[in-house]
Amino acid sequence: MLATSCYIHIVNMGTDIAVSSSSVSRRSMPEKLTILFQAPNRVGLGHMNRLANIADRLHSFGEHVYTPFIVQGLTHSFLESRGFDAIAIPAFSTRSKNSLWNSEDTARSFLLSLSELILATHKPDLVVFDSFPSLEFAEATQQADIPMAICIRRVKDFDRYAQDPRVAQVLHASKILIVPHSEDEFTLPEPFQRKTAYVGPIVRELPIDPQPMALPESTLAGKIVVITGGGGGHSSVLAFYNLALDAFRRLSEVESSLTCVLMAGPLFDQWRHLRDIPGVYIRSFSSDSLDIFATANLVITQAGYNTLAELFYLATPSICIPASRGFDDQFARANSYAKTCDYIETYEGASAAELAAKMETLLARSIPRSRPTPPSGALEAAVLLHNIALAHRH
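For the sequence shown, position 114 (counting from the first letter as 1) is numbered 114 according to our numbering, and the numbering increases by one without interruption.
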């Protein structure tokens, strides 16, 4: 295990920045230090969000750091709204259904050539992946002898994860494995321990003075319920949305002053089958989601890593409805948070009446919003990655 405490020493004075034992002068840097992030974007925003949170902290080190993104899958306004340059490359699910590819070998050859061109153009000092790298992009990175790092969220079966073809080569070739958990929560086996940094939760910078949602004035006197399924791309999210919407409809028949905001997510595409419920405002994507979470009276959510961590550190009353995923254990995550605080509860049923009753109970409770101390995981990861990129440069 890497001892992260020795790295986390940042001094910002005038135009100079010192990180760990390396002193980096913005005036002496001949060109931008490029740390390139590659993330999948198929069913949710979690992978991109986690890397973007690290990139945000890297930008605080000065203008000498450049953090472009390579997105595997269709891109959208999420990264652009946060000020990042992004290039989209085809995902496997996209190219496998595309008649332009006459064989898997043709598709792989194209993606490998595209990856090589991107790397030759940007000349990154470090490439950072999250959970499931692009196989071809990782191969091109390794062939170009560019240092790699990977951020690994807790998985149900690490052995199965480590044997995944997208993951295996990157795990062994990476200079560092960033784990956004405590070591007690998720411990990697040998031989990975020696190059693993347990940085703790990685979340966006939380708003100190969150702004209220832009809603009609007639709704401001009542309480606001927010429904979110993160990116909204998973096939199961429709059933989750319709369950939460049915529960809201039942509750609003008793509490007419309630307003609901459904944040469907930029990857949601099942609009034809979504319940049409009066009093519900629908947003596909909102760059001010943290303000929305912070000012909501209740949030109904699944148990994705980023959303649940943000709700926890915002101390927002929430009902968590975990869903089954391949590698991710949403049930364990939801139950862990529910045991840690009194403002997050779980529901694993399928009854709109039961969920409505749970919503009514939580809305009626007076829970002081005393926020936990914000985590430093994004900053710790940024410092570690910055040092590796600098070492490669020199």
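Some hints could be false.
Derived DSSO-like pairs: lysine-lysine, alpha-carbon spacing no greater than 27 Å straight-line [said to hold, decoys possible]:
1) Lys-32 x Lys-175
2) Lys-123 x Lys-32
3) Lys-123 x Lys-156
These are computed hints drawn from the structure, not numbers from a lab.
We went through each hint and held it up to the structure:
1. Restraint check: the Cα-Cα separation between Lys-32 and Lys-175 comes to about 21 Å, which is no more than 27 Å; the hinted pair holds.
2. For the proposed pair Lys-123 and Lys-32, the alpha carbon gap of about 10 Å is at most 27 Å, so the pair holds.
3. A hinted pair counts as satisfied when its Cα atoms are at most 27 Å apart, and Lys-123 with Lys-156 does not qualify at roughly 35 Å.
In summary, the structure is inconsistent with hint 3 from the numbered list given earlier, while agreeing with all the others.
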